[in-house]
Each structure stands twice: as structure tokens, then as C-alpha cells.
Amino acid sequence: MPTPPFEGKGKRPADEIPEPGRYATARGFCLTSAFWMIVAASAGLLGATELIAPDLPGSLAWLSFGRIRPVHINLVLFGFVTPGLLGAAFYYVPRLLRTELFSERLGRLTVLAWNGALVAIVVSLCMGYTQGREYAEPVWPIDVLVVGAFGLIFFNLALTVKNREEPLLYVSIWYVLAAVILTAVTYALGNVIWRPDSGALSGIPDAILLWFYGHNVFGLLLTPLSAGVAYYVIPRACRAPLYSHTLSLLGFWSLLVIYTHIGTHHLLQVPVPTWLKVIAVTDSVAMVIPVMAFLINIWYTARGRLGEIHADIGAKFVFTGTVMYFFVSIQGSMMSLPQVQRVTHFNNWVVGHAHVGVLGFAGMIAIGGLYAVLPKISGRPLFSRFLADLQYWLILIGVTGFTVVLTVAGLIQGNAWLNGETVYRVLGEIHMYYIVRAGLGLMVFSAALIGMYNMARTLFPRKGGAP
Amino acid sequence: MKMTPAGVTFGSIAVLAAVVFVVVVLPYADTQKTRPSEIVRRRTPEEALGRRLYMENGCVYCHSQSIRAFDWGMGAQRVAKAGDYVLDRPILLGSARTGPDLSQEGGEHPDDWHRAHFVNPRFTRPLSIMPPFSFLAEKEASHLIRYVQSLGMKAADRRMARQKRWKAASVEAYEAGPAANVAWLHDQIPAGWRAVPNPYPTSEAGLARGRKIYQDFCLGCHSPIGDGMGPAQPFLYPPPLNFTILKGRGISGGILYYQIMNGITGTAMPYFKKDLESEKIWEVGDYVAVTFIGQSDADTAPKGIDAAYEP
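Protein chains in written order, with our numbering: chain A, 723 to 1189; chain B, 3 to 313.
No lab work stands behind these hints: they were computed from the structure. Accuracy of the hints is not assured; some may be wrong.
Unchecked claim - Simulated crosslink set (SDA-like; lysine to any residue; CA at most 20 angstroms straight-line):
(1) Lys4(B) to Gly1142(A)
(2) Lys282(B) to Lys169(B)
(3) Lys276(B) to Gly1142(A)
(4) Lys999(A) to Ala84(B)
(5) Lys1098(A) to Leu972(A)
(6) Lys4(B) to Val979(A)
(7) Lys169(B) to Gly77(B)
(8) Lys141(B) to Gly1142(A)
(9) Lys4(B) to Pro1183(A)
To be verified - Partial list, computed: chain B residues near chain A (C-beta under 7 angstroms):
(10) Val27
(11) Glu58
(12) Ile93
(13) Lys169
(14) Ile215
(15) Asp229
Since the structure is predicted, the reported quantities are computational estimates derived from the model, not experimental observations. Idealized CB from N, CA, C, for every residue including glycine.
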């Protein structure tokens, strides 16, 4: 039965303050995640408010809904969730390999480049520089920077793997390596990086490529990185060996094979080749294989040990994320069915689904990963468990509430349209749900502020204060 | 199975390569054969600039350009074909309908309606949640309007020709003075409709419903007091009708109904037959007749059999 190789077997690295510069990359990505979560959540909150009060931005083009929405989405994906998951990875990859990161200097440079890309994304999208393709908005120079950053991360991690003392590669390592290298490839492919002027193909092939890439942001980046963190955090918190190596293998390879096939389920109602739709729907349903292989493995590892998980704030976030993963995946498989999509497509149902996936699943796990590694990389306990719990509940209520109100709004829209009502007529019917959604957004925004404060107080304690 | 670094890296790349071949390369080969559909034409330079603005301002996040097979029968005039998109780089299908689908928007409204609507969408559509685009320079707004008016391409061109033809006629009528304008407007209504009075009796409940419809659909142009001086008025020519000039000039419930239902192409008055069902149109018509014109033919002969619920 393979176990995550616990570093030092009983020696708790948290007991000692690491020498300066150690874990600088992990620290950098943790801070990146916490900071950009605030910006991402405020963009989301602003957008949600504009759906209630559309004249709010006045004539400020930069804050117009059509520009704030891609800022929100790109920052959530590449500012908050991905760096959070990478922050944990840059701690646990060297630990699991019983070595040091190949180069903290290179890591710091990567963090810098990454933040540069994020600033460029915000400024360029607010100014209206965009490729106009959902999830592939940033313009070519930023695309090159992002692909380069993924390349640097892969280089750093691959050489860390090469220098390892631990012969076995734990499952978390597989996921991180695959996520980083495959995302570098699909990001370049999906952004049509060989066409710097448009970043796009023409006509229907463009839609097929876009949604292949768009769905792989979740399938090949957020999901494997989240799985990597869960596979690290849950067995450690439970002090239990991983349930099954076979399930790890099945989950990993089936994720890569199946998830990559399903992008066209975004295009079921569009004239694309029917055989491709059949592949997309079939594999969307087959997603139950990688999802359940991963979840059974994690949940059976934690079986009978929920007390340990509840006691560990990082594991509490991560475990909640796995439950959200269950819901969002089952929902996703269901939504790929053409009969279901007749109601759900084009409306707020899908927005609700996206929030369970990215905030409820990957976002929860990213925050859990941060809390799991913060004491290790700082050598100090978390500043406030209470604040972390408060953050947990704000996000849990926020994301659950999003799901409820957006699903209800989506059902109203979808069924009204099927009843022949015009889009304009339905706006008044969903107004109230938009108000509740913005209120819930305020909770998520507050959670981001609390998380940043808690992290900052942990990493930068007051001089002369209690250690 | 032993997972080595090379196995993980090259194995996953091999999987990805195989999948890309199946779900990207093969469909590319398949869809490359698509021929342009019968409505496709090249965009003018202004339309292309407008399309750029459409992307820059994120219109695609709320407006689809993709009419689905089952939208047929829900009011859609044309279902999208693969060949409609051959010149689109990138394709702008959209993933949400927070606002209406725009694939056949060209020629649905005249240009001046769009100008008012872009300055503030609430000027023409009071319940709209679309952001104001008053930050667009005059020239940019024109480009964006040219693009929106081209949506539907050759089909849009036909609708635009109709808009232009009736714009000229309605401007001429407006400039001939109120009496001639009203006479011209009424002449455009089929004779049978002109003779029909509003079949529903005026009632408190009916006026309340009519008032609600008026607020949700009409007051941006016609204003809360029906004098045609709503916030959209400065942008529109011919300007929105001041309802008081209709009094004593042969107005009837049938004329109001027909104009609300079908709109007055060429002017900013859109058709409401997709938004509003029959009774709502009669009731907003009666609200206008009672409140602003001061002259309603509701419940006068010929009125047929009373509806069961009428007072």
C-alpha cells in the first residue's frame, strides 16, 4: 500500500523556522493567490452588481460589464486558483521527493513573470485588448508570457524530480507534472499562438478548438492540480495510507483520456459534426470514471477519520472541495445530455455550475492547500484558525447560495424561452435572483479579504510579537 | 504500473496528441469543407471595425449569435447553418443569452433606434440590463451600428433596404405636419383593422395591466406622460409620437393594436408581437387611449360576444 512519503517520518518541519529563501517560490504563489482572489472577487462582485444596476459604471469603459466579466474569469482561473494550487505544489513536490526545489531563484522569477502576466491581463482586458474568445481572451504577448511561465514551472519541477532522493513518484507528482506540461501545450494550441494577429481560426473549427481548450483549462489544469493537492493533504491530515494505488492510476490516466474529449458538449446546439457531439456526450458521461476513481480513493482514505479532517483547517477546505467535485461532476455529466441542455444552455444554470466547479471544488482545494502548507513554509502556526473558519463558512455559504439562486434563475430563463417568451420579458423575472447573487458575492469577497489578512499575519508576524 | 517521470510526461503528451488528433484535427478536416451559406457576404471595412468593438466590449458574453434548431418554433426566423460562419475569425457564437440572440439582428431596427439604445439601453428598452455605451466616440458608435445592422448578412441587407424605404416615407409624413402625419400613419393600417374597436371594456384592472406594460416597453420613447419626449427622443427622427395629437383624428383600438403589434418599420417604433401576447397589446393600447389620447373606443360596437370574465 503506497503512502505519501511523510517527510522526515515524524519530524515536523513546522517546528522549525526554515532558513530564509527556502520555499520562496511557494510563498510567492501563496501570496499571489490570496491577493488576486481579492481582485478577482471584486471584479465578480462589480459585474454582479452591474446586472442589478446597469448604469453603475456610467461612462467608464474600463468597468463596463463586458470588460469586467473576462477580467473576473481570467483572474479567478490564473490569478486565484492556479497560483494557489501551485503554491502548495511548490512546497509538496520537493517534500515528497525528499529534496529541495531545483531553483528558488528561477521560481521567484516565475512568480514575478506570473504576476506580470496577471497585471497585463487586467490592464489589457479593461482597455479592450482581447482576442474575443471566452477563456482565451488575453492577447498574444500575454499568451507567450503565460506559456513561458508554464514552461519555466515545468523545467523547475522536472529538474526537482530528477534530483530526487525518493525513488517512488507519489500520485500528486504525476498530476502536477501532467497539468503543467499539458496546459502549456493546450494553452498555446487553444490560443492559436501561431497566429499572433487574431489568435483564432475561422468559423466552426474555431469554436471546436476554443471549447477543446476552454474545457481543458478545467480538465488539464485545475482538476489535476486540485487532485494533486487533495492526494497530498488528505492522507497527511488523516495520518493514513492512501486507499488504492490502482485507483490512483485509473483516475490519472482516465482523466487525461476522457476529460480531453468533452469540450464539444458546449456546442451540442451548434452545427458541428454529429460524430463529434456523440464523442463529447459519451465521454462527458464517462467522466464518472476518473471522478469516482479519485473520489473513492480520497474518501476511503478518510473513512472513519473525518474528525482529523475537521480538526485540520487545510484538510477541511480540501475535503469540502472533493464533495463539491462530486456534485459538479455529476451535474456536468447530466448537463451534457441534449435533453437537459435544451433547458440549461445559454442561461444562469451554467453560471451556477461554473461557480461550484471553480470556487466550490478547485478554489476550496486551492485555499485548503494554502492553509496546509502555510505553517510549513513560514515555520509558524496559522495566525488565526477562527478567521480561517470564518472564511470557510463565508465561501461555503456563498458558493452554495450561488448554485441555488443561479440554478433557479437558469430554470426560469430556460423554461420561459422554451415557452416562447422573449429574453427581454424574462429579465424582470430573474432580477431578484441577481440581487441575492450579488449579496452572496459580497460574502465571497469578504472571505478573500479575510484570507489575505490571515495569510499576511502568518507570513509577516509583527516584530516583537508572539512567534 | 511503475510511474516514472518520463512515463508520466511523455505518456500524458502522447495521450493528448492522440486526443487532439481525434477531437481537433479530424473535425478540422471535416468542417473545412463547409461552403458559405446563401446569406454570406464579405463585411465592409466599417462593419469589420464594428465587429472589433463588439469583441472589445464583451458583447459576446451576453449575446449569442447562434439560433438553435429548437429555437425554431419559438420565434426564430432562421436556424444557424455551419456555412453562416465561414468568414468569422474568431467565431462569436456566445455562451449566454442574458440579452437576445443577435445572429439576425440586422435591419430589425433603424439606425437611430440603435444610437439611442447604445447611449443608454434603458432609453429604448426600460427593463434592459445592458451596460450603457455612451463612452463610445461618435465614429465608434457608427461602426458598431454598421456591424449590428449587418448581422444576418444578405438577409440583413434586405431588411435594411426595407428600413430605409419606410424611413424616407415616414420622415416625409412627419414633416408634412401632425394632421398629415396621423392621416398617413392610419392609411398604412389595413382597412379591416382600422374599423375594429378595442374589444375589451375599459376596466381598472385592465388599465393597471396596460400601465405596467407601458412602463416596461414604451416610456423610454413616448415618456411617462405620452408626449413623445422620453429620454430616447433626442436621438430619433421622426421623433416618437405625441399621443395627444391623435385625438379626434380617427384613431381606433384596432389602429393602436396593429401599430403596437407590427411596429412602424423605418421609424424607431418596433414590433411587439414577439414580446407581448394579444390581450397585453389591447390593454396597453387602451391605457394609451384612455390616459394620453383621452378618447377610447373600448367596448363599443361591433364587439362580438363578451369574454366570460369581463365586468
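| said: Taking the earlier hints as the rules, which of them does this structure contradict? | reply: Per hint list: 1, 2, 5, 7, 8, 9, 10, 13, 14 and 15 violated.
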